[in-house]
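Enquirer: We have chain A; now place chain B onto it with these hints.
Protein chains: 2
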Amino acid sequence: MSLFEKHKPLLEQAIDALHARTFYAAFPEAPAPAVYGESADSNGKEKFQNALGKKFDELLQPNPTGWIGREESPYTQDALGITYPVFTPDVLVERATAAFHVWRKVSVTDRTGILLESLARIKERFFEIAYATMHTTGQGYMMAFQASGPHAADRALEAIAAGYEELQRYPSAALWDKPMGKFNIQLNKEWRAVPKGISVVIGCSTFPTWNSVTGIYGSLITGNPVIVKPHPGAVLPIAIFVSEIQHVLKANNLDPNICQLAVDTIEQPIAKVLAEHPSVKLIDFTGNSVFGSYLETLQGKTVFTEKTGVNSVILDSVDDADKVAANLAFSVNLYSGQMCTAPQNFYIPAAGIKTPSGTLSFDDFAQKFADNISSLVDNPKAGPYVLGAVQNQKTSERVLEAEKLPGKVWLKSRSFENPMFKNARVATPVVVEVDAGKKDIFSKELFGPIVLLIKTKDTNQSIALAQEMALRHGAISCGAYTTDAVVREKIADEMSLAATPVSFNLTGGIYMNQNAAFSDFHVTGGNPAGNASFTNPDYVTKRFTWVGHREPVKL
Amino acid sequence: MSLFEKHKPLLEQAIDALHARTFYAAFPEAPAPAVYGESADSNGKEKFQNALGKKFDELLQPNPTGWIGREESPYTQDALGITYPVFTPDVLVERATAAFHVWRKVSVTDRTGILLESLARIKERFFEIAYATMHTTGQGYMMAFQASGPHAADRALEAIAAGYEELQRYPSAALWDKPMGKFNIQLNKEWRAVPKGISVVIGCSTFPTWNSVTGIYGSLITGNPVIVKPHPGAVLPIAIFVSEIQHVLKANNLDPNICQLAVDTIEQPIAKVLAEHPSVKLIDFTGNSVFGSYLETLQGKTVFTEKTGVNSVILDSVDDADKVAANLAFSVNLYSGQMCTAPQNFYIPAAGIKTPSGTLSFDDFAQKFADNISSLVDNPKAGPYVLGAVQNQKTSERVLEAEKLPGKVWLKSRSFENPMFKNARVATPVVVEVDAGKKDIFSKELFGPIVLLIKTKDTNQSIALAQEMALRHGAISCGAYTTDAVVREKIADEMSLAATPVSFNLTGGIYMNQNAAFSDFHVTGGNPAGNASFTNPDYVTKRFTWVGHREPVKL
Numbered sequence: 001m002s003l004f005e006k007h008k009p010l011l012e013q014a015i016d017a018l019h020a021r022t023f024y025a026a027f028p029e030a031p032a033p034a035v036y037g038e039s040a041d042s043n044g045k046e047k048f049q050n051a052l053g054k055k056f057d058e059l060l061q062p063n064p065t066g067w068i069g070r071e072e073s074p075y076t077q078d079a080l081g082i083t084y085p086v087f088t089p090d091v092l093v094e095r096a097t098a099a100f101h102v103w104r105k106v107s108v109t110d111r112t113g114i115l116l117e118s119l120a121r122i123k124e125r126f127f128e129i130a131y132a133t134m135h136t137t138g139q140g141y142m143m144a145f146q147a148s149g150p151h152a153a154d155r156a157l158e159a160i161a162a163g164y165e166e167l168q169r170y171p172s173a174a175l176w177d178k179p180m181g182k183f184n185i186q187l188n189k190e191w192r193a194v195p196k197g198i199s200v201v202i203g204c205s206t207f208p209t210w211n212s213v214t215g216i217y218g219s220l221i222t223g224n225p226v227i228v229k230p231h232p233g234a235v236l237p238i239a240i241f242v243s244e245i246q247h248v249l250k251a252n253n254l255d256p257n258i259c260q261l262a263v264d265t266i267e268q269p270i271a272k273v274l275a276e277h278p279s280v281k282l283i284d285f286t287g288n289s290v291f292g293s294y295l296e297t298l299q300g301k302t303v304f305t306e307k308t309g310v311n312s313v314i315l316d317s318v319d320d321a322d323k324v325a326a327n328l329a330f331s332v333n334l335y336s337g338q339m340c341t342a343p344q345n346f347y348i349p350a351a352g353i354k355t356p357s358g359t360l361s362f363d364d365f366a367q368k369f370a371d372n373i374s375s376l377v378d379n380p381k382a383g384p385y386v387l388g389a390v391q392n393q394k395t396s397e398r399v400l401e402a403e404k405l406p407g408k409v410w411l412k413s414r415s416f417e418n419p420m421f422k423n424a425r426v427a428t429p430v431v432v433e434v435d436a437g438k439k440d441i442f443s444k445e446l447f448g449p450i451v452l453l454i455k456t457k458d459t460n461q462s463i464a465l466a467q468e469m470a471l472r473h474g475a476i477s478c479g480a481y482t483t484d485a486v487v488r489e490k491i492a493d494e495m496s497l498a499a500t501p502v503s504f505n506l507t508g509g510i511y512m513n514q515n516a517a518f519s520d521f522h523v524t525g526g527n528p529a530g531n532a533s534f535t536n537p538d539y540v541t542k543r544f545t546w547v548g549h550r551e552p553v554k555l
Numbered sequence: 001m002s003l004f005e006k007h008k009p010l011l012e013q014a015i016d017a018l019h020a021r022t023f024y025a026a027f028p029e030a031p032a033p034a035v036y037g038e039s040a041d042s043n044g045k046e047k048f049q050n051a052l053g054k055k056f057d058e059l060l061q062p063n064p065t066g067w068i069g070r071e072e073s074p075y076t077q078d079a080l081g082i083t084y085p086v087f088t089p090d091v092l093v094e095r096a097t098a099a100f101h102v103w104r105k106v107s108v109t110d111r112t113g114i115l116l117e118s119l120a121r122i123k124e125r126f127f128e129i130a131y132a133t134m135h136t137t138g139q140g141y142m143m144a145f146q147a148s149g150p151h152a153a154d155r156a157l158e159a160i161a162a163g164y165e166e167l168q169r170y171p172s173a174a175l176w177d178k179p180m181g182k183f184n185i186q187l188n189k190e191w192r193a194v195p196k197g198i199s200v201v202i203g204c205s206t207f208p209t210w211n212s213v214t215g216i217y218g219s220l221i222t223g224n225p226v227i228v229k230p231h232p233g234a235v236l237p238i239a240i241f242v243s244e245i246q247h248v249l250k251a252n253n254l255d256p257n258i259c260q261l262a263v264d265t266i267e268q269p270i271a272k273v274l275a276e277h278p279s280v281k282l283i284d285f286t287g288n289s290v291f292g293s294y295l296e297t298l299q300g301k302t303v304f305t306e307k308t309g310v311n312s313v314i315l316d317s318v319d320d321a322d323k324v325a326a327n328l329a330f331s332v333n334l335y336s337g338q339m340c341t342a343p344q345n346f347y348i349p350a351a352g353i354k355t356p357s358g359t360l361s362f363d364d365f366a367q368k369f370a371d372n373i374s375s376l377v378d379n380p381k382a383g384p385y386v387l388g389a390v391q392n393q394k395t396s397e398r399v400l401e402a403e404k405l406p407g408k409v410w411l412k413s414r415s416f417e418n419p420m421f422k423n424a425r426v427a428t429p430v431v432v433e434v435d436a437g438k439k440d441i442f443s444k445e446l447f448g449p450i451v452l453l454i455k456t457k458d459t460n461q462s463i464a465l466a467q468e469m470a471l472r473h474g475a476i477s478c479g480a481y482t483t484d485a486v487v488r489e490k491i492a493d494e495m496s497l498a499a500t501p502v503s504f505n506l507t508g509g510i511y512m513n514q515n516a517a518f519s520d521f522h523v524t525g526g527n528p529a530g531n532a533s534f535t536n537p538d539y540v541t542k543r544f545t546w547v548g549h550r551e552p553v554k555l
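Chains as they are written, first to last, in the UniProt record's numbering: chain A, 1 to 555; chain B, 1 to 555.
If you are wondering where the hints come from, they were derived from the structure by calculation, not from laboratory data.
Just to be clear, a hint being listed does not mean it is correct.
The list treats identical chains as one, so a pair stands whether inside a single copy or across any two.
Lysine-lysine pairs mimicking DSS-like chemistry, simulated, CA-CA at most 27 Å apart [to be verified]:
id	residue 1	residue 2
1	323	554
2	182	381
3	250	439
4	301	182
5	301	439
With the rest of the complex left out, here is chain A:
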C-alpha cells in the first residue's frame, strides 16, 4: 500500500473538515497516557534531557561549516547547550535548487503520502517536542504539548489538505472541441500546477512549530523545497519536525534537502540574506512588524506574514460580570500574554458596563478583573502552569515600563514561585487605566502581560477605537461582550471591515486567544497584523502557478 493510500482516509476527513468548519482534530490534544501510552511522557522528557549539551545530529544535511546553538530555557535561565549544523546561505540555496527539480516532479499523491507519513512519525515525538517547547518558549507544559504537538500537526494537516484540494481544482488534461460551423477545432490541453521555487520559512521564538508548520507543509505540498529558518532562541521543536520530514523523504529515495534546517544566531542572522536571494520565491514569516513589513515590499517574491496586532476587548453589557472577569483574567494570564491572540486594549465605557442587576462601574469592573488575575496567579495548582515563563528578557523590561504609563495602575506586575523551576523568568500582568484620548499610548502592541483599560465615552467610541487600531496597526483577535443584538451586529460588522474576528461573550473554558484548526481562520490577512491566513485558499494557491499547454489533436 502506498503512503497515499495509507493516509487517504485522513486526507479526506481533513478536506471535509476544512469546509464543514465544525470541530475536527486528527491529533488528540490531551497528553493522556490513555491516548499516547503510559511511558510517552517520561520517554519524551528523557529524550529531551538526553539531547541537552549535545550536537543535534539526526538531520540528513551533510558537511556543515560548523555547529551552533544559543537556546536558553526561560525556566532555568540556563543554556540548553544543543548545537545544530551550520550552512552558508549559498549552500542552502544550492541544495534547495537541486532538490526543487526532484520534488516538483513527485506526483501530488506521493507528496501527500510522504507529508502525512511525516506527521504520523512526528506524533511519536509529541512529548519530546513539548519539553523542547517549554524550555525554549517558556510555555507551560500543557500549552507546550498542545500548541507544538497536536495543534501544530492539525494545522500542518490543514495546509496539506488545502494544498491537495487546490491542486485538484482543475483537470490535468481536457479535450477542447470548438464547433466552427462546418468543422470543429480540437485541441488537447493540459494544465500543470507549477511550484514557484525555493521557500524560506522564518519562525518566531514563542510558537516555534505552530506558526511555522503551515508554511512548511503549504510549500511542500505544492512542490516547493523549503528552508526552515527558526528563531535562534527556539530551534529544537521545529528541528524535530524537519528531521522527521527528512527521514521520510530518505525512506522514499528522495533528497532530504527538500526540507532543510538553517540555524543562525542573533549576532549573525541569515534571514535577510535568504529572503533577498534571487532564487528564493516564497517567504513565510512570523515575527515583528518592522521585518515583516520589509519582507512584504520585496519584489518578485510571494510573502506570507504574521506580524503584530493590537487586540481588543469591547465591554458593553454582560450577563454575569464575574464569569466575564474570570474568563478575561485567564486570557491575559495565559502564557503571560505572549500569544499573538492575547488581548491588550480593553475598551470600557466611563459610565460602566450594563448587567442584569444594574450598571457595573468602570472602577468596579477594573477591580474585579484585577482580583481575578491575582486569584489565578496565586492559585498554586494553576497559576504557574497557566502563566509559564517569559521567553525574552525584553518582555520583562517592557512590563516594568508599562507601570510608568500615565494612568492608574490597577495591578502591578510581580513575581511568583514556580514550584519546579525556582529560577524561572516570570511576570504577571500589569493593568493600567488609560483615557481614550491618549491614543499614542494604546496605538501599538505592547507584547507581553500588559493590559490597558481604556475609558471611553460609550460603546460606540469603544467600537470605533477597536476598529481604528485594527485598521491602522492590525489585530488578530477581538473579544466583545454585549447582550444587545443591535450592538452585537454593529461590532460584528465594524470589526469585519477591519478584518478582525470577534469572539462574543466568551465565559467558561474557552478563550479569545484560542484558534482552532479546520474552523478558525488564524489571522485574516486583511489588516496590518499579517497578509496571510491559516488556511484559506490563497495560502496555498499563491505557492504555485497554473500553466496550460495545448496542441491540435492529431487526425
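Expert: Okay, now just chain B, sitting in the frame of chain A:
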C-alpha cells in the same frame, strides 16, 4: 422570478465550464444575422454613428464638473467628438464609499443576478460596441465584435462564476461542538466574506473591454464598488458596459455609483491619484510595465496587473513548413501585432528546421514566412480586415525604427489600402534577422508588428533564451513547433518554469494569440508579464477577506 433565478442555469453552466475547461461560450462569437437578428449590425452601426460628436449622456452619474473626450478613429484619423462627464477623484471616491456600504450588504445571489442581467443587456449592444471598438482601437470588424462583445462577456461571466463559487466555499454558519471529556464546548460560528473596498480598474487602448471586464465583474461579484478608468483613447466601448451595469443597478433600487466611469485625458491623468487614494484597496491594470510595476509596489493595496511580455516562437521541427509559415504569418498580421499575445521573438536554429523532406534552412524559412505575410497583406479580401489599423502613432514610429536594427531586414513594413477607410493608419509587419548573441535587441517588448528572427546555435539555446526572456521580461504566450516528443516535453517543462503557456504545432484556423475563456488562463501571473490570471481562484479570492465570528451556544 428573481434575477438570480432567471440566470441560475447560465451560472451553473459557467461554474461547470470553469472546471471542465473544455470549449464553452455563453455568447455566440459570430456576428451573424441568424444569431443576433437581421438588423442588429446596421442598428449598431447607426447607434455608433449617432453617438459621434455628442455627449455620452446615458450614465447615471450626476453633476459632472465638465465634459471631455479625446477619442480618435485609427481608421479615419478624425476625432470621434464624443464627450464624457468628468468628476474629481475625490467625488468619485466619496460616491464609491457611499456605494460600498450599500453593495457589500447586497446578498451574493442578488449581486450575481444583477451582474448577469447586465451582461444580457450588454449583449443587445454588441454591434454598437463593435463599431466603438473598431474606431478607438483600430481592430478589424470581426475582432472588434468578438473581443469586445461575446469574448469579453464570456470573460465577465467567468469572473462572476469564479467569484460566486469562491464565496460559497465556506459555510456562512456552523456549530462547533468540541468534546471536552465530561462536557462539550459549543460555539456558534459564522463566516463573512468581507469585500476589501473601493476597486479601480484601469483600462488599455487596444482591448478596452476584454481586458477590463474581468476586474470590474471580479470586484463587483465580491462586493466591492468599482471606478472604471478607461484609457483616454478608448472610452466608448467600456462606457457602454458601465452604463448598462448602472441601469440594472438603478432598476433594482441600488446606487448606480456602485460602478462609476472615470474619464480623464493624457494631459491630466487621474490613474495615479486614484490608485494612491487611501480608500482605494483594489487596483486592476492593463498597460505598460513601468506603471504596472509601480502599482505593484503600492503598500496596502491588492493589485492585479497585465503588463507587457516578450512572446516567443520556438521552431525545431515541423510536419509541414508551409502550414506553419502560414499560421505564424497570420499571428503576426492579426491586428498588426498589437495583441499582448502576439509573438515577437522567433528562435530558429542556424542549421535550420527539420522537416519530413529534409532540413529547411534558416534563410528558406525566413523567406517562406515573409512571403506568407505579404501574401496575406496583399489579399484584398483578407489583409485589411486581419490587420486593421494602428491604434497609436507611436507604434507606427516604432515599426520604422525596427528596420534600422543591425541585421538583415527580411521584410519591410509598408502601407496598404483599406477599401473602406482611405485614411487609415496602417503598418504591415517588419521582419528582421538578429543573432542570438545580440540579446539587448530582443530583451524587450517591441509593441506592434515587429518580428525578430533570432538565429540560435540549436533548439536548446532557443529554449533557454525563450525561458530567460519570459523569466526576466515576462511572456504571455509561446508558440513551439517540434515533432520530437523529448524536445516537446523539454519545452513544456522549461516554459512552465517560466510560467508561460505553450501552443504546440498550431496550424490551420487556430492561433497562438487566442485565449479562450473557461479554458485558457490568460496571463499566468507567474512571470513579469503580470501578477494576475484570468480567471484563477486568486483572481477573485484576493478581493475579499474571510472573517469569522463566534459565540457560545446559549443553553
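Enquirer: Output the numbers, in ascending order, of every earlier hint that fails for this structure.
Expert: 3 and 4
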